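A.B. asks: With chain A fixed as given, assemble chain B onto it according to the hints.
Read off the chains here:
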Amino acid sequence: DQQVKQNSPSLSVQEGRISILNCDYTNSMFDYFLWYKKYPAEGPTFLISISSIKDKNEDGRFTVFLNKSAKHLSLHIVPSQPGDSAVYFCAASDSSLIYNQGGKLIFGQGTELSVKP
Amino acid sequence: DSGVTQTPKHLITATGQRVTLRCSPRSGDLSVYWYQQSLDQGLQFLIQYYNGEERAKGNILERFSAQQFPDLHSELNLSSLELGDSALYFCASSVGGGNEKLFFGSGTQLSVL
Numbered sequence: 001d002q003q004v005k006q007n008s009p010s011l012s013v014q015e016g017r018i019s020i021l022n023c024d025y026t027n028s029m030f031d032y033f034l035w036y037k038k039y040p041a042e043g044p045t046f047l048i049s050i051s052s053i054k055d056k057n058e059d060g061r062f063t064v065f066l067n068k069s070a071k072h073l074s075l076h077i078v079p080s081q082p083g084d085s086a087v088y089f090c091a092a093s094d095s096s097l098i099y100n101q102g103g104k105l106i107f108g109q110g111t112e113l114s115v116k117p
Numbered sequence: 001d002s003g004v005t006q007t008p009k010h011l012i013t014a015t016g017q018r019v020t021l022r023c024s025p026r027s028g029d030l031s032v033y034w035y036q037q038s039l040d041q042g043l044q045f046l047i048q049y050y051n052g053e054e055r056a057k058g059n060i061l062e063r064f065s066a067q068q069f070p071d072l073h074s075e076l077n078l079s080s081l082e083l084g085d086s087a088l089y090f091c092a093s094s095v096g097g098g099n100e101k102l103f104f105g106s107g108t109q110l111s112v113l
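These protein sequence lines map, in sequence, to chains A and B. Using this note's numbering, you'd call the opening residue of the first sequence number 1 and step up by one each time. Using this note's numbering, you'd call the opening residue of the second sequence number 1 and step up by one each time.
Same shape as in the complex, but just chain A (with noise of 0.2 angstroms):
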């Protein structure tokens, strides 16, 4: 049971364009989400977050918008670069979990992002 989905396993954007990258969940006890980039022959690495109880999250480029009746997020890069050609994962957790369960994230399965200049 895929509790977190990223349907597009790839995505390719021209440079200076905005990136979508989507993600839907199907638990609605999730209520923190974060993105993660990987570049290859690397770990993942943070890149933003949100909380349930706002809407919208922004750094610098990067902004994630979490809808929460569609259990939807999406990360938006503006504009995109070659350097944010990376696999990018969605993840999320309960945090009702975290102190008789431990915190966990749950991940999708990533879509690999192309920036081509």
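To be clear, the hints were calculated from the coordinates, so they are not data collected in a lab. Do not rely on the hints blindly, as some may be mistaken.
Covered by chain B, per the in silico footprint, the following chain A stretches (three or more residues, Cβ under 8 angstroms) [said to hold, decoys possible]: (1) 32-42; (2) 45-53; (3) 104-111.
All values derive from a computational prediction rather than experimental measurement. All C-beta atoms, glycine included, are put in the ideal place defined by N, C-alpha and C.
C.D. replies: Same frame as chain A, but now just chain B:
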């Protein structure tokens, strides 16, 4: 550099064998997490340790086990290996045991032949 060290980077072994993957967390981090990345499967959570104790368990097979030592490094033991165990195994660490962001190592690529 995330500060999380995983060894070895690559491991090639045969079916039925046993291997040990090692992880040193960032200085000061008490939690260690193990994830498996197979083709088309994303990152699957295996297990979490917090300050030496098992804290959360995911889709970890009975043939797999892990532990966290007093110096906070962790080992993931994989036994009776099967072809399907070939994957990239990541270790991550965090300061606490909860919801904060994780810092990942660069992974151990396991190939079972």
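A.B. asks: List, from low to high, the hint numbers that the structure doesn't satisfy.
C.D. replies: none
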